[in-house]
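Chemist: Based on the sequences and whatever the hints tell you, model everything.
If you're matching them up, the sequences are chains W and H in order. Heads up, the first sequence is in numbering that gives the first Met the number 0, so the first residue is 0 and it goes up one at a time. Heads up, the second sequence is in numbering that gives the first Met the number 0, so the first residue is 0 and it goes up one at a time.
Among the hints, erroneous ones may be present.
Said to hold, decoys possible - Some, not all, of what chain H presents toward chain W, calculated at C-beta under 10 Å:
# : residue
1 : Asp34
2 : Asp58
3 : Phe65
4 : Val128
5 : Tyr137
Unchecked claim - Mimicking DSBU-like on lysine-lysine, the simulated pairs with C-alpha atoms at most 30 Å apart in a straight line are:
#  : chain 1 : residue 1 : chain 2 : residue 2
6  : H       : Lys167    : W       : Lys8
7  : H       : Lys167    : H       : Lys106
8  : W       : Lys8      : H       : Lys152
9  : H       : Lys167    : H       : Lys152
10 : H       : Lys106    : H       : Lys152
11 : W       : Lys8      : H       : Lys106
Bear in mind the hints are in silico, worked out from the structure with no lab data behind them. Backbone N, C-alpha and C define an ideal beta-carbon position, used for all residues, glycine too.
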Amino acid sequence: MTGYNTLVKQLLDGELTLAELPPELQAEGAEALRLLAAVDRRSVTLSASFEARVMNAVRARKGGRVASPSRRMLRWITEPRELRVRVRPRLLGAGLAAAAALVLVLGGRGALSHGRGTAPRVAAAPESVLVRFVLYAPGAKQVGLAGTFNQWDQAATPLVRTGSDGVWTVTVALPAGQHQYAFVVDGRRWVTDPAAPAVDDGFGRRNSVIAVGGSRGRVL
Amino acid sequence: MRAVLAGDIERYAELVGRYRDRYARYAARMLGSADAAEDAVQDAFIRAYDQLAQCRDPDNFAGWFFLILRNRCFAERRREARIGPVADVESHPIAATERPDGMMEAKERLDALQQALLELTPDQREVFVLKHVEGLSYEEIAARIGGSVPSLKMRMHRAYDRLRERLKDRM
Chain W
0 MTGYNTLVKQ LLDGELTLAE LPPELQAEGA EALRLLAAVD RRSVTLSASF EARVMNAVRA
60 RKGGRVASPS RRMLRWITEP RELRVRVRPR LLGAGLAAAA ALVLVLGGRG ALSHGRGTAP
120 RVAAAPESVL VRFVLYAPGA KQVGLAGTFN QWDQAATPLV RTGSDGVWTV TVALPAGQHQ
180 YAFVVDGRRW VTDPAAPAVD DGFGRRNSVI AVGGSRGRVL
Chain H
0 MRAVLAGDIE RYAELVGRYR DRYARYAARM LGSADAAEDA VQDAFIRAYD QLAQCRDPDN
60 FAGWFFLILR NRCFAERRRE ARIGPVADVE SHPIAATERP DGMMEAKERL DALQQALLEL
120 TPDQREVFVL KHVEGLSYEE IAARIGGSVP SLKMRMHRAY DRLRERLKDR M
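Modeler: So, in structure tokens, the structure goes:
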């Protein structure tokens, strides 16, 4: 089957009526109109809690203030993020090192405050960096972390719900350098981290970015 | 919007309340489900808040917000194109004005068309959604997303052909 006749496309565009089509195109025109009749034009209403969730996220932004682009960039670059932990596999068992680092990461700053996500928190070391990823997703049944560091495998790095407040976290050891990532909610919805910068990956998509410095321990 | 920029963040709730449902249908048809649309609209509002100072025309928050939401929808769909289709076609209740067999046919056609729309390119799907779901003219679509009317028509006509191919046994 080939595409529609040009006159039938004009019918679909509303530039012609079915009666204006020549007899040999009437059937094709009728078929095309059945296609348009199947279009779902019903309105979509978002959930009742939608505004509250947006406003909670907005209030949780830094100071609740709208920052200019340059100010946001400056803040992102200069704001210290976390304690640094030097992981020494030769001296400590891997499990012990991770546990110690996690304690420091968790104790580094105050309560989680972002609406849908908080900027990844970094505990930097020359070769091994522990990064804590956090997402606020109260309605999620499962959340995964996919990124360049796990070949975008959404099942490789699951987040764990920390309690009943909808906060999901995972701590990952990352090598120094820049990594791109996204959260995957319920195995199907990809969510960029609103608290982290995002970049176009060259194909029109946006990925969140974390740049892990080996010695500064900051998220850039 | 000016009040929000001046520091009164609670006034942002007015913008959210005013525009929350306005583009939800667009997002739902672009992404294939109301759940995905809600996530997208929420992300777009948060991003819009972060970037509010960049809105050059405070009197056109709606148009500016739409472009943010549009980018979000395109990013989602292109990501899915990379990893494979993940959106679910929702189950749609059908108005009980037809006989049961007719209802089934209508529902099947509706689901089949929604699935076929998801298989269009995002550019094709968008122009179809804006014209046949949102009811905009080509001129209005061009004003909203850019591009010329002839190029939008060409995109739409390719979408028609592709839909016909996908739905050849269903319509």
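Chemist: Taking the numbered hints from earlier one at a time, note which ones the structure violates and give those numbers from smallest to largest.
Modeler: 2 and 3
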